[in-house]
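Read in order, the letters of the sequence shown are residues 3 to 189 in my numbering.
The hints are simulated quantities; they were obtained by calculation from the structure and are not laboratory data. Be a bit skeptical, because a hint or two may be false.
To be verified - Quick list of the computed label-pair ranges, beta carbon to beta carbon: (1) I88 / D157: 50 to 60 Å; (2) E164 / I88: 32 to 42 Å; (3) G106 / V175: 33 to 43 Å; (4) A73 / E164: 33 to 43 Å; (5) Q75 / G106: 17 to 27 Å; (6) P57 / K84: 46 to 56 Å; (7) K96 / K122: 41 to 51 Å.
Just so you know, even glycine gets a beta-carbon here, dropped at the ideal spot from N, CA and C.
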Amino acid sequence: MPRCKTCREKFIPRSFNQKNCDKTEECKQAEIDLRQEAQQKRIDKARDKPKVLKPIKQFTAKKSRPKSRSAKQSIIENNYHKTLEIMDSNTEPKCTGCGRYQGGDIKLSHSHIISRADCKRYGRPDLISDLRNLTYHCLDFGENIGCHRRHEQRDETLLDYEDKLKFVYEICVEIENDELVNKLILK
């Protein structure tokens, strides 16, 4: 137990830094004066301290290193991009889902019938760069939902829906995968 600085008697403090007891008015006043004096010292110290302006840090975008790819993944990506170039030069820019041509609000994208992730998952990464697995679909514009999104939602009203089903079924028969049939066709 600490002792009061004024009356020298032991007391139970209310806070860890209390120096005087609350028994007499003199002790209470000494505690108030002690706190005011400490506060004034802090104010004076802050006032006397020279203000040093810190330089403003210039934040720049973090330089990210390109993701390193395995040799196998690099080959797949290179073949895919070559296939896209061939597709762009040999195929007219027309959405296979609705029949509209690119221009104005219509923007086309390369769309996989069987997604790239599914091609890898089912052991057929060669399908990523297969022209039979690639089509053009229009993207969303304004409030209109594009065929690309409708394709991902398996919309049966797309013009190329039946052709896509035939292709998926051919691939499923090749790899003998019932799970893929259930996921891609029956869903």
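Of the hints given before, which are not true for this structure? 1, 2, 5, 7
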